[in-house]
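Protein chains: 2
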Amino acid sequence: MVDILHRVGIKSPSTADTYNALTAIDGLSNWWTNETTGESKVGETVRFRFGDNGFFEMKVVALDPGKRVLWQVVDGPQEWIGTKVDFELKQEDDFTIVLFKHQGWKEPIEFMHHCSTKWGTFLLSLKSLVETGKGSPYPNDVRIDNWL
Amino acid sequence: MVDILHRVGIKSPSTADTYNALTAIDGLSNWWTNETTGESKVGETVRFRFGDNGFFEMKVVALDPGKRVLWQVVDGPQEWIGTKVDFELKQEDDFTIVLFKHQGWKEPIEFMHHCSTKWGTFLLSLKSLVETGKGSPYPNDVRIDNWL
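Chains A and B supply the protein sequences, listed in that same order. Take 951 as the starting number for the first sequence in the working numbering and just add one per residue. Take 951 as the starting number for the second sequence in the working numbering and just add one per residue.
If you're looking for bench data, these hints aren't it; they were derived computationally from the structure. Please note: incorrect hints may appear among the correct ones.
Identical chains share a label here; the pair holds if one copy fits it or two copies do between them.
As the list claims (entries may be wrong) - Cut-off 27 Å, straight-line C-alpha distance, at most; resulting in silico cross-link-like pairs (DSSO-like, lysine-lysine):
(1) K1056 <-> K1084
(2) K961 <-> K1051
(3) K991 <-> K1051
(4) K961 <-> K1056
(5) K1034 <-> K1056
(6) K1084 <-> K1017
(7) K1009 <-> K1034
(8) K1034 <-> K991
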């Protein structure tokens, strides 16, 4: 098992705004993909579509307000199904720290390398959204390679 | 053992320019840190300084022109010493693909999360350097959190 790990720090007086951007559908739409639908409640699913490039469907496993969001992938690319996406939040002075883990990959395949870099750019999009009101969600996301 | 993985694709007709940016001291200076010194030859060391924030000293372990650059960390932060930084290059149509691995971390500590995100931004700086002639090396690098 190998994991994708990231850490971003968001200038924000508390974890509330970042938590909202990770749980409200219009929050998620403004940093990951503007094609976000579903219900962000424990036991329900949220679907993230990226035009013709595919989608991820996440079951919301845990929500701890201001502290943690945990999803499990229930549909999407084969390699993602069953993996978990974990956002832990904590406040350090003026920064909300996001500790991110995408856990449960079976093998460190080339697609995992791509997803690692891509998650980094999306987490910086989340940072930008909370700090400035504007993120870079799909279809305006940062292109990192020939797989978009 | 846990690894940091990334994949970027750089619009370039061959791997030559990217390989040069990973091996020439003035190439490295233009995407990672402008305080790069040393000799980029197998068995020699290259030192990457980030002002008062610290440095990494890498022994060049392998150089395969156009294909691979492998370093081992010999000095710097305790958690980095002994780890390996591996850049594999290949050409896919108009893109030079960089498969990046920072291997040999003992534990998935918070600092590793930070370094993963930071490597992503530096690899996008490498992409920008090769594609446009201008990267974002330290001290003009992307700030990702309260650890810079």
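- Message: To test your reading of the hints: which numbers does this structure violate?
- Response: 1 and 4
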